[in-house]
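> Chains A and B, in that order, give the protein sequences. The numbering of the first sequence is the numbering used here, which starts it at 533 and goes up by one. The numbering of the second sequence is the numbering used here, which starts it at 452 and goes up by one.
Calculated from the structure, these hints are not laboratory results. Here the structure is a predicted model, which is why all the values come from computation and not from measurement. Warning: the hint list may mix true and false statements.
Stated by the list, open to error - One side of the interface only, derived from the structure: several residues of chain A facing chain B at Cβ under 8 Å:
(1) Val643
(2) Phe668
(3) Asp670
(4) Pro675
(5) Leu678
(6) Ile679
(7) Val685
(8) Gly689
(9) Met692
Stated by the list, open to error - With the C-beta cut set under 7 Å, the calculated list includes, among others, these residues of chain A facing chain B:
(10) Val641
(11) Phe645
(12) Thr671
(13) Leu674
(14) Leu681
(15) Leu682
(16) Ser686
Where is the CB? At the ideal position from N, CA and C, for every residue including glycine.
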Amino acid sequence: MTFGEIVFILIMLLTLFSALATALTSSMIYALLSLIVTMFGISGLYIFLNAPFIAMMQILIYVGAISVLIVFAVMIAGPHYLHMKAPKGWTGLSKILTALIVPVFTFFVFVNFIMGTCRTDKKLSVITTKDIGRAFFDTYMLPFELISLLIVVSIIGAIMLALFSKGEK
Amino acid sequence: MLNLLLPEISMLLFAILFLFISVKKKKGSSYSFVRLISIVPLAISLFSIFSKGELFCGAYKIDLFSQLFKALLAYGFCLMAFMFEKTDEIDEEFLPEYFMFLAFSVLGLMMLVSSVELITIVIALEISSYSLYVIVPLRKGQSKVQLEAAVKYLFFGATATGTMLYGMSYIYGICESTFLTDIARILPTFLSQPYGILALVLTLSGFFFKLSLFPFHFWAPDIYEGASNITTTFIATIPKIAGTALLIRLTMSVPTVSAQIVNILIVLAALSMTFGNIVGLVQKDIKRLLAYSGIAHAGYLMMGILAFSKDGNTAAIYYITVYLLMNLACFYVIMLLSKRGENIELNDLVGLSRRAPLLALTLAVAAFSLAGIPPTGGFAGKLFLFTSAFKEGYLSIVIIGAANTVISIFYYLNLVRMSYSKEASRIEPLSLTFHQKAMCYIFVFLILYMGILPFGIFEVFRAAL
Chain A
533 MTFGEIVFIL
543 IMLLTLFSAL
553 ATALTSSMIY
563 ALLSLIVTMF
573 GISGLYIFLN
583 APFIAMMQIL
593 IYVGAISVLI
603 VFAVMIAGPH
613 YLHMKAPKGW
623 TGLSKILTAL
633 IVPVFTFFVF
643 VNFIMGTCRT
653 DKKLSVITTK
663 DIGRAFFDTY
673 MLPFELISLL
683 IVVSIIGAIM
693 LALFSKGEK
Chain B
452 MLNLLLPEIS
462 MLLFAILFLF
472 ISVKKKKGSS
482 YSFVRLISIV
492 PLAISLFSIF
502 SKGELFCGAY
512 KIDLFSQLFK
522 ALLAYGFCLM
532 AFMFEKTDEI
542 DEEFLPEYFM
552 FLAFSVLGLM
562 MLVSSVELIT
572 IVIALEISSY
582 SLYVIVPLRK
592 GQSKVQLEAA
602 VKYLFFGATA
612 TGTMLYGMSY
622 IYGICESTFL
632 TDIARILPTF
642 LSQPYGILAL
652 VLTLSGFFFK
662 LSLFPFHFWA
672 PDIYEGASNI
682 TTTFIATIPK
692 IAGTALLIRL
702 TMSVPTVSAQ
712 IVNILIVLAA
722 LSMTFGNIVG
732 LVQKDIKRLL
742 AYSGIAHAGY
752 LMMGILAFSK
762 DGNTAAIYYI
772 TVYLLMNLAC
782 FYVIMLLSKR
792 GENIELNDLV
802 GLSRRAPLLA
812 LTLAVAAFSL
822 AGIPPTGGFA
832 GKLFLFTSAF
842 KEGYLSIVII
852 GAANTVISIF
862 YYLNLVRMSY
872 SKEASRIEPL
882 SLTFHQKAMC
892 YIFVFLILYM
902 GILPFGIFEV
912 FRAAL
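Excised from the complex, chain A in its bound form (with noise of 0.2 Å):
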């Protein structure tokens, strides 16, 4: 075993325990930080599959904001729910059914869809952050820039918003 596949094990062990932490624990604070480690174990995933902005991105939008907005929304919702309790009336093995039965039929039928086509073997060649920094400043100029507008326009939507949602009372 080389050093790679001991870290790669490691990655993977660490990111599926704290993946069962989140589903798991039942508070709020626990479940985040370890959905915060998860996400860290996923972009190390893309690390190894050779996409290292994919995994950046990662850490910046998951880990730096996504998991910035969970805690706004812990620390506005009060202390109240911080301690959430299981819903009753939920059976172990229909958890556990009702949790395999869209990822089994999924999987199987993607299998038969993928498995059904025929395609050529054709070796992928490995895109640099550096090719991705080229592509938004040429090929994909004009998408690259309406995103501006597209956040021009949820900014506004959002002040305008909490404006509206206070004029209420």
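Since the structure of chain A is already known, use the hints to place chain B on it.
Showing chain B alone in chain A's frame:
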């Protein structure tokens, strides 16, 4: 380069103008001002209808097709601005923002009809959708209904975008390009295989959502009911034009199709028509009724697109134009009837012919057109759609469509029956201003014109393809 983008720039300036007005301390945006400057984008898009070109490494294509749809969008926007009435629907305070978001939405749709690259398509579509998500809850007298509508629209919209992106990721996986020109070259060889079918159908589903076609229709009735009348008018008409344009653009880029894709589209169209018409039979709220009628009409529209022929696509463009006019006419009557921005029930129509004969006439013409009865535009549009599907040999969908037309006549004519029935308990005459009368006459004229003399416009649309 800038002269190619004139319609978009005019729309952007429109939005920025209202952004500045909304920042002002004292807000007094007059309706006549909005009406006046809404003509500018229409005039500019008509002026630049023959411009041609490609921009941004081929991601943005300007041809007669896109310019025609831009003109249609600007036309719908202009008609909407003229329909706007000083009722209590939208808070006076938020009016400038409201117009700004409408303009941004139209801008997004204008960019959508010109984009020939998948990522640009998604982002243009999102600019338009985000603006709509924001304006749905803007209705005076906040209630749970409109907030529910807004949240539902947001979630359904996000799901539809996710589905579309998923499909596009498959297309990218197959073609290794996001440009429609490359996709048109490579995708057809995969279209008889499950992988390719999955990719194309999932990608189209984002536009099925905009058109509220059958499996993506869940949002329509609730959002129509919850949003204010003018917002509903916008959502029901203008995004559907751009949705049709993109469906045509995507299907045109695939020159030959497999029977499987056509079969999927036939099933969706048939389910959409049948479901929409049958549920429409029992509706009491007119906006909900129009929502189900919109679902059914999306099914009719698909008949033109699934023919995968030039005639079929032309028929679809023709039909969506008629659809724009007849829906605007219906909603105009609703808006004039609801004095405080409330929803109108079927029973509120009773005695309309006595209260305001012109409104009753407009509603009757629009309903006849929606049902597809001869002298109106709806008939001509349906005729073109049915013949195009028939020519390509899809007899089953033509029969289902014809049967559905008969079902739908019942509830459309019910609108007319209600407004012309005699047993009116209260007759308080509804006086219309000159502007309102003129608008009604314009709608009646346009719907009848498109029914009586359809071929000139049909040839114009055909030239665009």
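> Indicate, hint by hint, whether the structure satisfies it.
Status of each hint after checking the structure:
Contact between valine 643/A and chain B, as hinted, is not supported at the beta carbon level, the nearest pair being about 11 Å apart and thus beyond 8 Å. Taking 8 Å as the C-beta cut-off, the interface hint given for phenylalanine 668/A is violated, the closest approach to chain B being about 11 Å. Annotation: interface hint on aspartate 670/A holds; nearest CB of chain B at approximately 7 Å, less than 8 Å. This hint holds: proline 675/A has a C-beta 4 Å from the nearest C-beta of chain B, less than the 8 Å allowed.
Taking 8 Å as the C-beta cut-off, the interface hint given for leucine 678/A holds, the closest approach to chain B being about 5 Å. For isoleucine 679/A, the interface hint holds, the least distance from its beta-carbon to any beta-carbon of chain B being 6 Å, beneath 8 Å. Evaluation of the valine 685/A hint against chain B yields a held restraint, the C-beta minimum of about 5 Å falling below 8 Å. Proximity of glycine 689/A to chain B holds as hinted, the smallest CB-CB distance being about 4 Å (cut-off 8 Å).
Taken as an interface hint, methionine 692/A checks out: its beta carbon lies about 5 Å from the nearest beta carbon of chain B, inside 8 Å. Given hint, valine 641/A at the interface with chain B, is violated; its Cβ is 9 Å from that chain's nearest Cβ, farther than 7 Å. With its C-beta approaching chain B no nearer than about 4 Å, phenylalanine 645/A sits inside the 7 Å limit, and its interface hint holds. Because the smallest distance between the Cβ of threonine 671/A and any Cβ of chain B comes to about 5 Å, under 7 Å, the interface hint for this residue holds.
Because the closest C-beta pair between leucine 674/A and chain B is about 4 Å apart, less than 7 Å, the hint holds. With a cut of 7 Å, the hint placing leucine 681/A at the interface with chain B holds, because the nearest CB-to-CB distance is about 6 Å. Taken as an interface hint, leucine 682/A checks out: its beta carbon lies about 5 Å from the nearest beta carbon of chain B, inside 7 Å. Taken as an interface hint, serine 686/A checks out: its beta carbon lies about 5 Å from the nearest beta carbon of chain B, inside 7 Å.
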